[in-house]
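K.L.:
If you want the building blocks of each chain, they are given just below.
2 protein chains.
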Amino acid sequence: MRLVVIGGVAAGLSAAAQARRLDSNLEIEVLEQGSDISYSACGLSYFIGGEVRRIDDLVVNTAEKFERERDVRVRTRARVTAISHPRREVSLENGERVRYDKLVIATGTSVNRQSIRGADLPHVFPLQTLDDARRLSEFLKQRRPRTGAIIGAGYIGLEAAEALRANGLRVGVYEASSTALHREDEFLTEWVRKQLERFRIRVEFRRPVDDIAALESEVVVLAAGMRPNVELAAAAGIEVGRTGAIRVSDQMETNLSGVYAAGDCAEPIHRVTGRPAWIPLGTTANKMGRVAGANAAGKRERFPGIVGTSIVRVCGIGVGTTGLPAAQAKREGFSPVVARIENADRAAYFRGRPTTVELVADRQSGRLLGGLVIGEEGVAGRTNVIAAALTSGMTVEEFEQLDLAYAPPYAPVWDPVLIAAQQLLKLLR
Amino acid sequence: MRLVVIGGVAAGLSAAAQARRLDSNLEIEVLEQGSDISYSACGLSYFIGGEVRRIDDLVVNTAEKFERERDVRVRTRARVTAISHPRREVSLENGERVRYDKLVIATGTSVNRQSIRGADLPHVFPLQTLDDARRLSEFLKQRRPRTGAIIGAGYIGLEAAEALRANGLRVGVYEASSTALHREDEFLTEWVRKQLERFRIRVEFRRPVDDIAALESEVVVLAAGMRPNVELAAAAGIEVGRTGAIRVSDQMETNLSGVYAAGDCAEPIHRVTGRPAWIPLGTTANKMGRVAGANAAGKRERFPGIVGTSIVRVCGIGVGTTGLPAAQAKREGFSPVVARIENADRAAYFRGRPTTVELVADRQSGRLLGGLVIGEEGVAGRTNVIAAALTSGMTVEEFEQLDLAYAPPYAPVWDPVLIAAQQLLKLLR
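Chains as they are written, first to last, in this note's numbering: chain A, 81 to 509; chain B, 81 to 509.
It is worth saying that the hints were derived from the structure and are not from the lab.
If you want the footprint, here are the derived chain A segments under chain B, 3+ residues with CB under 8 angstroms:
#1 120–131
#2 362–373
#3 474–485
#4 490–503
Quick list of the computed label-pair ranges, beta carbon to beta carbon:
#5 A:G338 to B:F279: 55 to 63 angstroms
#6 A:R431 to B:N105: 35 to 43 angstroms
#7 B:G198 to A:R420: 48 to 56 angstroms
#8 A:R286 to B:D330: 51 to 59 angstroms
#9 A:R433 to B:E266: 34 to 42 angstroms
#10 B:Q502 to A:A162: 35 to 43 angstroms
#11 B:E107 to A:R355: 48 to 56 angstroms
#12 A:N192 to B:E277: 57 to 65 angstroms
#13 A:S195 to B:R431: 35 to 43 angstroms
#14 A:R133 to B:R307: 54 to 62 angstroms
Computed from a predicted model, the values in this text were never measured in an experiment. Glycine residues also receive a C-beta, built at the ideal position from the N, C-alpha and C atoms.
Construct the complete structure from the given sequences, taking the supplied hints into account.
P.N.:
Quick look at the structure:
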C-alpha cells in the first residue's frame with residue numbers, strides 16, 4: 081500500500097507521522113512544493129519582531145530528519161499539478177507521476193494577490209512560509225524601511241504590525257472588513273483599534289486596498305485574502321463545501337473514496353453550530369492531519385470538530401476567543417444574550433490586573449455559545465475552560481457552578497469567567 | 081422573617097449577601113465569634129512572607145461597611161454556644177438569645193490542639209484568622225526567631241513554610257501522613273519534597289508531632305489537624321456525615337428544616353465519586369454560602385457539588401490538582417490508569433518551560449477521573465480545563481479532541497494536557 085501526502089507542513093506531516101505509527105509497512109511519500117517542511121508558521125512574526133532569534137528555531141523537522149526517523153519519503157520543491165483518481169496517481173510539475181493507494185490532501189492556504197495591483201512588487205511580502213520570512217527579514221536589514229503597511233487585521237496582520245513596530249517602523253494596518261481578527265465583534269474591534277493606537281500603530285477598517293502604490297509604504301505585508309488551496313482537488317472532482325474549503329466527512333475523507341483532506345484546505349464541523357466552518361489554524365490542522373493519517377492507514381477514527389478556539393497576542397495583551405460572537409450566533413439562528421465584565425485576574429491584593437471576559441449564550445436553551453477573554457495573564461486558560469464547556473454543550477447555569485482553582489497568586493476567589501457567567505444568568509432569567 | 085447566620089467569613093457572608101439580594105425585607109443577622117469578618121484567609125501566608133504589605137489589604141469587608149451596604153446586622157465577638165431549634169433560637173456566650181426563622185451554619189474549621197503537648201505555648205501559632213497572622217507577624221518582628229517548624233504539609237503548611245523561609249528562618253515541615261497536600265500521590269509528594277529542599281526547607285513525612293518541645297524551634301506554625309466545627313450543630317441534633325462535616329442536601333439544608341450549613345463545616349457532593357467529600361476551600365465555601373443564602377431566602381437553588389479543584393504555589397511553582405489521584409480512585413472503586421508527561425508550556429522557541437501534567441482515567445469507562453498540573457505558567461488554566469471536563473463526565477477520548485487555544489507566546493501547538501491525554505489513550509486501548 082502506498083500513501084501519498086500532498087503538503088509537508090502541519091496537517092500533511094501529522095498525517096504521515098500518524099500513518100507510520102499505525103502501520104510500519106505502509107509506503108509513505110510526502111510531496112511539498114516549498115523548500116521547507118514542518119515549521120511553525122505561527123512563529124514567523126516573532127522572528128521578524130526579534131523575539132525568536134534564529135529562523136531555524138522555527139523548524140520542527142527537516143526533510144532529512146523526518147525521512148530518517150519516520151521512514152517516510154519527503155520530497156521538497158515537488159509541486160503537484162494534477163490528481164488523477166481513476167489512475168490513482170498525481171502528476172508533478174516536472175512531468176513525473178506518483179502512484180498512490182491512499183491520498184491525503186493538505187495543500188493549506190495562500191494569499192490571493194490577483195485583486196491587488198502591485199502585489200508582486202519587491203517590497204510586498206506575504207508571511208506564510210519560512211522563505212517569506214527570510215526574504216522580509218533580509219529586506220528589513222538591507223533596505224531599512226521607515227514606513228510599513230499591513231493589509232489585513234487578522235492574526236497574521238496584527239502580529240506582523242507589532243513585529244514591524246518593534247523594528248522601529250511607522251506602521252498602518254488596512255482591513256477591508258469592519259472587524260478585527262475575522263470576528264464579528266464590535267467591542268473586540270474597538271479594543272484592537274485602541275490597543276494598536278497605544279503602540280502608535282494606525283488601523284483603518286472598511287479600507288480595502290486595491291493598489292499597493294496607494295499605501296505609500298516602503299514595505300508591505302500581505303496578510304489578507306487568505307483562501308484554501310482547493311483548485312487541485314476541485315479539478316480532480318473533489319467536492320468543495322459552502323465555506324470554499326474541501327468538504328470532508330468526520331473521518332476526513334472527501335467524496336472520493338481513499339482520498340482525505342486535512343488542515344487549512346478542509347472544512348471541519350463547528351461543534352456549536354453543527355455546520356462546517358473554515359477557521360484555518362495550526363492546532364486544528366495537526367488534529368485533522370492525525371485523523372486523516374490514521375484512516376489512510378486503515379483505522380476508523382473520527383474528528384469531532386472544532387469550537388473555533390484561538391489566542392493571539394496584540395501588543396503584549398492576550399486575546400482569546402472561542403465559539404461564536406453574538407452577531408454570528410444570530411445569523412446561525414440563535415437568540416444571543418451577551419454579558420461582559422472586567423475584573424481582576426487574581427486577588428486584588430496580589431497585584432491583580434484587569435481582565436475582560438465576554439460570554440454569549442442562547443436565550444432559548446440557556447446554552448453557552450461563545451466567549452472572549454482579554455488580559456495579561458491566564459487568557460489561554462480561561463478561554464480553554466470556555467472551550468471545554470462549549471464542547472460538552474454546557475448551559476450557563478452549569479458553567480457558573482464550575483469548580484475552578486483559586487489561590488491568591490493565580491486567580492481571585494470568583495474567577496472572572498464565573499463572574500461573567502453570573503451576570504449572564506441574570507440576563508437569562 | 082429573620083435569618084441568622086453563624087459565621088462571618090466566606091460562606092457566612094456569601095449567604096447573608098445573597099439572601100439580601102433576593103429578599104430586601106428579610107431581617108438578617110450575622111454572628112461572628114472573631115473580631116474580623118470577610119477577609120481572605122488564603123492570603124495570610126503572603127502577608128507573613130511580605131508579598132502582601134498591609135494586613136488590611138486582606139480585608140474584603142468590615143462589619144461596618146457590610147452592615148451599611150447590605151443592610152445586614154453584623155456582630156463580631158459574638159460566640160454562639162447553643163442552637164435550640166424547637167425554640168428557633170441560638171444562645172450567645174453572654175447569655176443573650178437570638179431568634180431565627182431560618183439559620184445558616186457557617187462555623188468553618190479549627191485546628192485541633194488537644195493532641196499536641198505545648199500547642200498553647202506562646203511561640204505556637206495557627207494561621208487561620210487575621211488575629212493569628214497579626215500575632216505571628218508581631219512575634220517575628222519582636223523576637224526575630226532563627227528557626228521555624230511547620231506542623232502539616234497541606235496548603236497552609238507549605239505556604240507558611242515558604243513565608244517563614246522568606247523571613248530568613250531555617251524551616252522544617254513535619255507531616256504526620258505519608259503525603260503532601262492531603263493528596264494520596266507519591267509522585268506529587270516526592271516533587272514537593274524536592275521543591276522544598278531546593279529552597280532549603282527540610283520536610284519529613286510520617287512524622288507526627290505530639291510534643292512541641294521536640295521540634296526545638298523558636299516559632300511553630302500549627303497547620304495540621306484541621307477539622308470542621310460541628311460540635312454546635314451536632315449538639316442541636318444536626319446530622320454529621322461520613323466525612324465528619326455537616327451533612328447537607330444539594331440545597332445546603334441539614335436534616336433540620338430551615339437550617340442550612342455551608343462552607344468548611346459542611347460536606348458537599350464530589351461529582352466524580354458521587355459521594356460526599358470534605359475538601360475545605362474558599363471557593364467552595366463562597367459557592368455553598370450563596371446557595372444556602374438563596375434557599376434561606378425562599379428560593380430553590382442547587383449546589384451540584386465539587387470536583388476538588390485547587391492550586392497552590394510551592395516556592396514559586398504552581399501545583400494544580402482536580403478530581404481524584406489514582407490511589408483514591410482505586411479506593412472509590414475505579415480501575416485507575418495514569419499517564420504523566422513533561423512538556424514545554426509554550427512553543428520551545430518561545431522560552432517554553434517544562435510543565436508536568438498527570439491525568440487519571442477509569443479503565444472500564446474511559447472516563448477522566450482526575451488531573452495534576454505542575455509548572456511556572458498556565459497551571460490554573462490547565463487545571464481548570466481538566467476540572468471542566470470532570471464536571472461534564474468527559475472520556476479521555478473526548479478530552480483529547482478539545483479545541484484549545486494556541487499561539488507561541490502562550491502554549492505549544494499540542495497543549496501539554498492534550499499530550500497527556502494522548503498518552504493515556506494509548507494505555508487505555
